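With the hints as constraints, model all of the structure from the sequences given.
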Amino acid sequence: MSTYTAPKKKNLLPKIAMAGPVSVWMILFVTIPMLYVIFISFMSRGVFGDVVYEFSTESYSTILDPTYFQVILKSLKAAGLTTVLCLLIGYPFAYIIARKPKDVAAKMITLLMIPFWTNSLMRLNSWLLLFQTSGPVNNFLVNTGIVDKPISFIYTDELVLIGLITNMLPFAVLPMYSTIEKLEKSMLEASADLGANPRTTFCRITLPITFPGIFSAIILTFIPSLGIYTVTDMLGGGKVLFIGNIIKNQFGSIRNWPLGAALSVLLIVVTMLLIFIYTRFAKIEDMEVV
Amino acid sequence: MKKLLAMLLVGVMTLSLAACGGSTDADTATDDTSAEASTELNIYMWQQYISDDLIAAFEEENNCTVNLSYMSDNADAINKLTAGGGDEYDLIMTCDAYMESLIAGGYVEEINLDNVPNSANINDAYWVSKGYCVPYLMNYIYVVYDSETCPIEITGYNDLIDPALKGQISTIDGARNLFPMALVALGYDPNSTNEEEIAAAYEWLVKFNENVAAYGNAEQNLTNGTVSVAVTYDGNASWAMAEKDTIKIADFTDDAIQLGMDLYVIPTGAKHVDLAEKFLNYICDPEVMAKNLDEFPYSCPNDAAVAAASETYQNDPARQFDYKENVFFQEDVGDAITIYNDYYQKLKVGE
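Just so you know, the sequences run in chain order F and X. Residues 10 to 299, numbered by the working numbering, are exactly what the first sequence covers, in order. Residues 2 to 352, numbered by the working numbering, are exactly what the second sequence covers, in order.
By construction, these hints were calculated from the structure, which means they are not laboratory data. A hint or two may mislead.
[Said to hold, decoys possible] Restricting the straight-line Cα-Cα distance to at most 25 angstroms, the calculated cross-link-like pairs of lysine to any residue (SDA-like) are:
hint, chain 1, residue 1, chain 2, residue 2
1, X, Lys349, F, Met52
2, X, Lys347, F, Leu85
3, X, Lys347, F, Ile277
4, F, Lys257, X, Asn327
5, F, Lys111, F, Ile214
The structure displayed is predicted, hence computed values, not measured ones.
Laid out in structure tokens, this is it:
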């Protein structure tokens, strides 16, 4: 018997050593905060906006209000649109980079990343400065006689969408680039040799092989754009509100932490549901994150 | 080998735990020194609201470090105060509207005004909850407009819901800034606690919201031509008027305008009270505040400082507004704040 137990003990330590720190980290910084959010969502709100530790389901009955569902639907729609546009712009871009020689590709990736060396609020502010009524874009349009009077670009849904796309594009391009880059050229040649035209080759070879990258791109753009609130706050002038803004307001100006927590739980559930659907649809091993 | 690995692992985990607790050790260290004379002052306040030179001079004079952290909303300050702000900060900026509840809740320390002799310069008429706070600057909430581009004449709050102004207004945000305007427009008490009146104000604000292009950045949006009307604080109105001379303050016929007071409080349990009092005394010094007013031209409750201020400040049109007499203060509305917040939420989510 003793010969049986000894190897078992031997095997345990490396496992703890490898998985232990990660587990501790995840428990401390993911599980406990999440449980805390769920806990707060069942508490009551004090007059001062402080959390009163009395059990209440008021926050959940509040979010049953159709208004919140409308906001969530609006956010899902915007995040979906952002994702689709990021894929449509990002895929050809990733394809072009992947087909370039290594040094050129590296330069193009750097160019894609350069704007991200600046703070995202700075980038958003620069959009405002560029497109404001007396900004360079409007000045150019008016001075060249293209339009009679300045166009109101800022504080519109369209500018919010542009802001979201520019913020998310690299997260779509990079995973797709990494799968397209691995695509064997010989496969495309073989396809051509067997008589397939470029379109058939793309649909039956390139696209299926690069699917994992596309899936990762979807997850990496859709989920952050669902919760992001700075873009809508700044480019939408605080009038275009997504679920992220509503949650942020609960912890800020409106000061209803339990409601904010309940809305966060709702967002987490929606996100997990989407990931669940995704894992059913695509194998989890296919997720390829750079 | 196994033992060695286990010990190593335990060692690493202990070290990382010790690292987590590091900041607490540092805090205790500053506690010890604060028994003598504090060398560190932590202030939580609005950004772009106090001169850097003034802070630097105070640091040099008192051989200390001033750490400024910034809030983005009045609610942030209340969050800090009610969640044990004294652990982190020695001075927190808040406004007169919350003082009663803050004192009742025991969230602020009583200030020994004997240690702040310069506070005698502050006009008592503006000093709510004396003994628990020191007023800093005042904000009139003005309606300003670009006389060249604004399609209508504005003589009261009700003009702001005129459909002609659709997408033409940029305004400051916040329940307690927006609702009083609506309540005054409807002829109610601006600090009403009556739910029906607040509901009516909400309906008014829904119409107002349709005319709003953006919440926040009001004066920039006005000067860069994005909007033609701005609802903003007097200091910001000053900047806008200095930038573009077609910008005017709306000449209200009857409606009272809001006057809010930003003040410093010492949160309960603050660790560097001695230095906080020195700082309060310093900013109440007429010369010091007069310099600050050049950089931040808001209205000031410190009469001696206003008298010592530059001519530019004293002749600023934002200072010479006839209707300054016809003002109302934001008062503490107690429990009714939740009614305000609920309607504000409804306004923001939109139905």
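Verification of the supplied hints:
1. Between the alpha carbons of Lys349 of chain X and Met52 of chain F the distance comes to roughly 23 angstroms, so the proposed pair stays at or under 25 angstroms and holds.
2. Of the supplied pair hints, the one linking Lys347 of chain X and Leu85 of chain F holds, its CA atoms being roughly 20 angstroms apart against a limit of 25 angstroms.
3. Restraint check for Lys347 of chain X and Ile277 of chain F: satisfied, since their Cα atoms lie roughly 23 angstroms apart, inside the 25 angstroms limit.
4. Taken as a hint, the Lys257 of chain F and Asn327 of chain X pair is broken in the structure, with Cα atoms around 36 angstroms apart against an allowance of 25 angstroms.
5. Taking the CA atoms of Lys111 of chain F and Ile214 of chain F, the gap is near 23 angstroms; set against the 25 angstroms cutoff, the hint holds.
Violated hints amount to a single one, hint 4; each of the other numbered hints is respected by the structure.
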